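Engineer: Position chain B against the provided structure of chain A, taking the given hints into account.
Protein sequence lines correspond, in order, to chains A and B. For the first sequence, the working numbering gives the first residue as 1, with consecutive numbering after it. For the second sequence, the working numbering gives the first residue as 346, with consecutive numbering after it.
Because the hints were derived from the structure by calculation, they are not lab data. These numbers were taken from a predicted model, which means no experiment stands behind them. All residues carry an ideal CB built from backbone N, CA and C; glycine is no exception. Be aware that a few hints might be false.
Below, in silico cross-link-like pairs of lysine-lysine (DSS-like), each with a Cα-Cα straight-line distance of 27 angstroms or less [as the list claims (entries may be wrong)]:
# : chain 1 : residue 1 : chain 2 : residue 2
1 : B       : Lys-471   : B       : Lys-633
2 : B       : Lys-386   : A       : Lys-138
3 : A       : Lys-16    : A       : Lys-186
4 : A       : Lys-186   : A       : Lys-199
5 : B       : Lys-545   : B       : Lys-573
6 : A       : Lys-147   : B       : Lys-386
7 : B       : Lys-571   : B       : Lys-471
8 : A       : Lys-199   : A       : Lys-25
9 : A       : Lys-149   : B       : Lys-386
A few chain B residues that face chain A, going by a derived Cβ cut-off under 8 angstroms, partial list only [to be verified]:
#  : residue
10 : Tyr-372
11 : Ile-374
12 : Ser-378
13 : Ala-381
14 : Glu-382
15 : Pro-389
16 : Glu-399
17 : Ser-400
18 : Pro-425
19 : Leu-456
20 : Gly-457
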Amino acid sequence: MENNIIETSQIKYTAKDFSSGIDVKWCPGCGDYSILAQVQRTSPDFGKKKEDIVWISGIGCSSRFPYYMNTYGIHGIHGRAAAVATGVKLANPDLQVWVATGDGDSLSIGGNHFIHACRRNIDIKILLFNNRIYGLTKGQYSPTSEKGKITKSSPYGTVDFPFNAIKVATGSGATFVARSLDRDPKHLQEMIMRASRHKGLAFIEIYQNCPIFNDGAFSVLTEKETRADNVLYLEHGKPMVFGANQDKGIKLDGLNPVVIDLNDGKHSIDDCWVHDENDPNPTRVFLMARFTDIENFPTPVGVFRRYDKPTYDSDYHEQIKNVISKKGTGTYEKLMFGKGSWEVK
Amino acid sequence: MLRLFMKGNEAAVYGAILGGCRAYYGYPITPASEIAETAAKYFPQVGGTFLQAESEVAAINMVYGAASTGQRVMTASSGPGLSLKQEGISYSAGSELPLVVVDVMRGGPGLGNIAPEQGDYNQIVKGGGHGNYRVIVLAPNCVQEMCDLTKAAFELADKYRNPVIVLTDGFVGQMMEPVVLPEPITEFQEKPWVVDGTVKTVNNLISSIELEPEDLERHNIKLQKKYKTISENEVRYEELYTEDAEVILMGYGIVSRVLQSVVDEARSEGLPVGLLRPVTLFPFPTNKIQELSRTAKLFFVSEMSNGQMFDDVRLALEGKSPAKFFGHMGGVVPTTEEILEQLKMIFNELKE
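Next up, chain A with everything else stripped away, as it sits in the complex (with noise of 0.2 angstroms):
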């Protein structure tokens, strides 16, 4: 079930008229830049209007892309984006809510808020920009950063182990998974548009470059020489390949995944993982996410999974619409002098 798109043929909206012509204000080389153009080149094609559409952030470097867009923005706490657009979207279900938050925003002050808005099903889509730092205050530790990192709050080094966006979002229940980088525009497109149209809780892990606290985090995934050994493009129903040759697949070895060599004589792309973005088994999901915490495996991106569930803001103006069809509609008078309430003499 994807979101019915609205007839707009008669507006043409282009990428600029969702730019709100404020000056951006992050650091140069910014992995944010890119990850704003590619919402604003998206955006036309996401059937709705200008006015249909809210960007709702907490407190973040990225938290301040509601200021960027020319749509509705809302710009509120440290962590709490996801149930103030909770409440934005049970409010007014006709729009379409987008949060914008980062590895700390969401997963660490604003976790319980995340994993229960993706348990809810709300359809409310979430881009979280994690660059494995906090960046806005200049450099501590993220509940992304590699375990051992040193920064300014760990000069000997973290002692956590990091979350893995895509398992929590996974396990919370959010019905659209997807990861994508920032250097890579056209799959960010691609994935910002799928999103869009899932009606659901959508979620897309943005693996941002941070160029002053935490520069190259992901460099091994975006720079040409590494990239192709080192990314796996997941695609609905394909084989899992990658490789500067794409010849290297991966093997689903009962619930072990292995790397393969196509080349070896031994092994051939029938014996690779064919990738199921509908499978309503989600441990599956969890062994692919595991990829990036396993030493030689290729990092994922793309839909890890996508499927259809009842979302919280439908049933809930469902039931509504069925308690007022059993019970008729509540007046002021029924309910205050109803067969609850006596009078006192």
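Structural biologist: Just chain B, lined up with the frame of chain A:
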């Protein structure tokens, strides 16, 4: 004497370590982050712990846990973070847990900005959380005091089994000044109430609940008595040329530094002004204000807020002396010139 050149935020960590604090739980926020960063660097070196919590709420609850074991523990933040910590501070006051929180104030309300302001006075000095409680509030105005008062905060917290908040502003937190390190605290009083895994303390319970109204009232009365004792014994202030002053200037934190210059300038122009700077905001120097009101003609209060401490000055004066307020908000700092101009007008009015 060896002097170290450092930021106010760094000095707070030195003061904490010298005050026997060995645990820090916090969350990054500008303009307080250097406190966490400095703690991350130095606490492990003295056998202490540092943990960057997942949120401000988590941090204050970790502090609650560590304080329950008897460890000297702290956290630090700025206004938005303190708003989040209020629940934990109320619970700590109810459970009578000694702990220290440093608040490096920034502009508000809401996200506001990261410029220095003093708009947290009400949420810190008046409680902020729910219930009939008070916290001891210390207000440093220089980097040396960031060190000394943070150290003192741990002694006061243990002495009264009460949260202590070091309330300062982004200016004092961020500016650099030389500091003479005080002697470390080496003797600690016993804490028979702690949960520390010994046979002696096995029946201890740390809690803020009292289900019976009469019991809870008794607990509250006990707390009020404690606050009264604190008010009688722990008031600290600094005064400058107050003996013959016709106008008493009042301000705390960075504003008091501006007021020091104002007093010098005004005196050189023949205006008899003095300065009363509260170092403790709770307890408030009410008696001192009343004493000065017998000789001074007017109180002039300046703050980087909408006049939150001004309310307490007026309460202390009980209407017996006139009081005027001059302040800025949003991160704008009152200047010596502006205040002098105000004072000249006041003296002209006083002559008439």
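Engineer: So which of the earlier hints does this model not fit?
Structural biologist: As far as the earlier hints go, 5, 8, 20 are violated by this structure, in ascending order.
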